[in-house]
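Note that the protein sequences, when read in sequence, are chains H, Y and R. With our numbering, the residue at position 120 of the first sequence is 120, and numbering never jumps. With our numbering, the residue at position 276 of the second sequence is 276, and numbering never jumps. With our numbering, the residue at position 126 of the third sequence is 126, and numbering never jumps.
Don't read these hints as lab results, they were simulated from the structure. Note that CB positions come from ideal geometry on N, CA and C, so glycine has one too. Hints should not be assumed to be uniformly reliable.
Claimed, not checked - Distance ranges between label pairs, derived from CB positions: (1) 54/R to 145/H: 41 to 47 Å; (2) 145/H to 275/R: 41 to 47 Å; (3) 37/R to 52/H: 41 to 47 Å; (4) 298/Y to 88/R: 17 to 23 Å; (5) 130/Y to 116/R: 24 to 30 Å; (6) 121/R to 187/Y: 22 to 28 Å; (7) 52/H to 248/R: 39 to 45 Å; (8) 258/R to 52/H: 29 to 35 Å; (9) 145/H to 264/R: 31 to 37 Å.
The lines below spell out each chain.
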Amino acid sequence: MTIDKPPRSEGSDAASAAARQPASPIAFRLDPASGVPTYLQLVQQVEHALRLGYLKPGDQLPKVRDAVASLAINPNTVLKAYRDLETKGLAAGRPGQGTFIRATLSRVALPELAELRRSLLLWLATAGAAGLDDDGIVALVTSALRDFRERRGVAEGVA
Amino acid sequence: MAWVTWRQHRLALAGVVALFGAAAVYLLVTGLPMHDAYRAVAGCRPTGSDLCNKAVNDFLRTYAPGVGVTFGLLQAIPALIGAFAGAPLLAREFETGTFRYAWTQGFGRARWIVAKLVSLAVAVTIAAAVFSVLVSWYVQPILDAGDSNGPLYPTLFDLSGVALAAWTLAAFAIGVFAGVLIRRVVPAMFATIASWAALAFVTGAFLRAHYLAPVLTTNPNIPTGAWIINQGWFKGGNPAGLDTINQTFAPVDVRAITPNLFQPGPATPANLGDPVQYLIQHGLTQLTTYQPASRFWTFQWIEGGWLLALSLILIAATVWLVRRRAA
Amino acid sequence: MNAVETNGLGKRYGNAWALRECTLAIPAGHVAALVGPNGAGKSTLLNLVVGLAAPSAGIVTVLDGQPAGSAAALDGIAFVAQDAPLYRNLTPSEMLHLTRNLNRRFDEGYAKARLRDLGIPLERKAAKLSGGQQSQLALTLALARRPQLLVLDEPMAMLDPLARHDFMATVMAAIADDGLSVLLSSHVLTELERVADFLVLVSHGSVQVAGAVDDLIASHRVLTGPASEADAYAERQNVVHAQRGEAQAHMLVRIDARTGPVPPGWEAHPVSLEELTLAYLREPSAAWLPGPGALRLEPIEVSN
Chain H
1 MTIDKPPRSE GSDAASAAAR QPASPIAFRL DPASGVPTYL QLVQQVEHAL RLGYLKPGDQ
61 LPKVRDAVAS LAINPNTVLK AYRDLETKGL AAGRPGQGTF IRATLSRVAL PELAELRRSL
121 LLWLATAGAA GLDDDGIVAL VTSALRDFRE RRGVAEGVA
Chain Y
1 MAWVTWRQHR LALAGVVALF GAAAVYLLVT GLPMHDAYRA VAGCRPTGSD LCNKAVNDFL
61 RTYAPGVGVT FGLLQAIPAL IGAFAGAPLL AREFETGTFR YAWTQGFGRA RWIVAKLVSL
121 AVAVTIAAAV FSVLVSWYVQ PILDAGDSNG PLYPTLFDLS GVALAAWTLA AFAIGVFAGV
181 LIRRVVPAMF ATIASWAALA FVTGAFLRAH YLAPVLTTNP NIPTGAWIIN QGWFKGGNPA
241 GLDTINQTFA PVDVRAITPN LFQPGPATPA NLGDPVQYLI QHGLTQLTTY QPASRFWTFQ
301 WIEGGWLLAL SLILIAATVW LVRRRAA
Chain R
1 MNAVETNGLG KRYGNAWALR ECTLAIPAGH VAALVGPNGA GKSTLLNLVV GLAAPSAGIV
61 TVLDGQPAGS AAALDGIAFV AQDAPLYRNL TPSEMLHLTR NLNRRFDEGY AKARLRDLGI
121 PLERKAAKLS GGQQSQLALT LALARRPQLL VLDEPMAMLD PLARHDFMAT VMAAIADDGL
181 SVLLSSHVLT ELERVADFLV LVSHGSVQVA GAVDDLIASH RVLTGPASEA DAYAERQNVV
241 HAQRGEAQAH MLVRIDARTG PVPPGWEAHP VSLEELTLAY LREPSAAWLP GPGALRLEPI
301 EVSN
């Protein structure tokens, strides 16, 4: 009984996998109750790590196999997340090696940030005067954000 | 596949070996003394003298009943093998659900079942064949001594020659077939024992006697070791009952207890001679149908042949059912 | 390439049809979840796919057109039945030997390493292993055959949450390594969301929903709005299932070419796989069975 294909890698848990070769600086976690699709959670975690400095350009993202073995999720989900990051220009795949961070998130300049914050505070005051409480404000912002994304997605031809 | 079969069914195979082994030990333990005793009897000279005849009769009287009982018990062996090695083969796969594993492996179910059936069938047949050699050795002194029960006698016939191997194979085939039909181990075992026993009974009681047309004779001297199928008295073409026999015996005061057993009385003349000859001289005819001992091997091949054919048919049917059977 | 294709497939036991008019195309390289209530016909469909049962009507082919149950199909498909049947008086080491002898291809090194990692003793009789260990053993034997399609019937029924996680992690890792296709049945929906990217919903012997999870999610949404307008809306739209209160109603709708924008006063929410599945199960007459052309699944390349 011969084996046609190369032997499968052994060892299943992320710890033993990490011990064999240089690990990615980050590891993924999953919040099954959050209501956010899995692939999006992975994308958000990468972006968050970039923002906080855990990931820098040149760092490797977790190998698909390792992410899948520790989270028990579909490999296609991880691939979809990585493709998303590639589309956004944040990551790039190197055949046979993995997926690596390519660029940082575009930083908003400090003066711009301050200006945005000021106009937001004004809006919050208006919303409060109209009678919206905190939860109402959050609901409104979330809904408007979704509409905004949808329209921008349609405009850019991305599903 | 041989390892597969051995490992999975090692309990059944061990059981077969244990069963034959225990029986073999028993035959050796009781047979060796019997062989020694017969050597002394066979060496008695002059042969045919009253002394030597008495030695032979004493020998038979001592050993023949035990041999008869032994053979009665040994009849169970093929049925047990069929039930314990044959019936669970497929029935357990269905009962435990392991057929869902076995029938979805790469080599498929046909190859799987054929390999199992062939290797186990061959194993039990060989074990039985070897054992029947020992049986033939065991019974030889009794046959040589001229016991009235010859080699064709039912409980001896199916344990010797090729018959035991054929009956064991048939029991195995009945067992696996019952297993694939019934799909539960214990019911399949019972069905196996019941059907095998029925088949053996019908064969011994009715079928075997007619493999070749029995010999019909009026000669009261039946060859040694013949298997008497029917023996009866007739007068003028009609069956003669005990009354008729006793009427004929009246003048010499002999009483017939059975058509073969005659008891002399106080008024019996001393020079009467053979009561059987007396009856013949006085108008009765003794009609005997028998199968001569010389036909032993012919009958063995006939019986072995149709049992083999039956086994092959049942095994083929089992394979066919396995290939057809849906979950 | 399609892992499984059926056309008008049906199976009858006696006078009752356990499955009828089943027409499906499950693409390769994906994890297809077969979902439905108990007795819906899931096990029947799986038995037909792996060749344990023969169709009463229609046809079923696997691995790009091979007849189910043929030699090529048996070679390329590994099946773990419900309750992971094993020979109870054989040890894992003997089960490995047995499986190796029954297959053309068997990666014994992988199997032994896997069992070692899981802490399953090789020389203890299968009857003495725990339920979780038995399931893992059965899965290991199946994966060591390096199949193209792995079929699992209620694989996690006997497992505690940690064992379930380990089980699925093993399967997902095997997909990442080998590009294996998986077809698994379950009546526990919550765990399937993470792993399934193709859904087949079977109810009362027929297929109600069959399609890629992404397509399913993208083509459904929940509309929330005034209950008074719900009926009028329902006539113009494909409503799968509606839940009404006195003033407010939620409607799970199907989006197609005819669907207009969200009406004023109504809100649209994305729908979860579980919500969608439950809605279809509650509405036996609803179905979502796009033709083969509507399935636009991209080929999967595992680059690392």
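We went through each hint and held it up to the structure:
no.: 1; hint: 54/R to 145/H: 41 to 47 Å; in the structure: violated, 55 Å
no.: 2; hint: 145/H to 275/R: 41 to 47 Å; in the structure: violated, 22 Å
no.: 3; hint: 37/R to 52/H: 41 to 47 Å; in the structure: holds, 46 Å
no.: 4; hint: 298/Y to 88/R: 17 to 23 Å; in the structure: violated, 49 Å
no.: 5; hint: 130/Y to 116/R: 24 to 30 Å; in the structure: violated, 44 Å
no.: 6; hint: 121/R to 187/Y: 22 to 28 Å; in the structure: violated, 35 Å
no.: 7; hint: 52/H to 248/R: 39 to 45 Å; in the structure: holds, 40 Å
no.: 8; hint: 258/R to 52/H: 29 to 35 Å; in the structure: violated, 46 Å
no.: 9; hint: 145/H to 264/R: 31 to 37 Å; in the structure: violated, 20 Å
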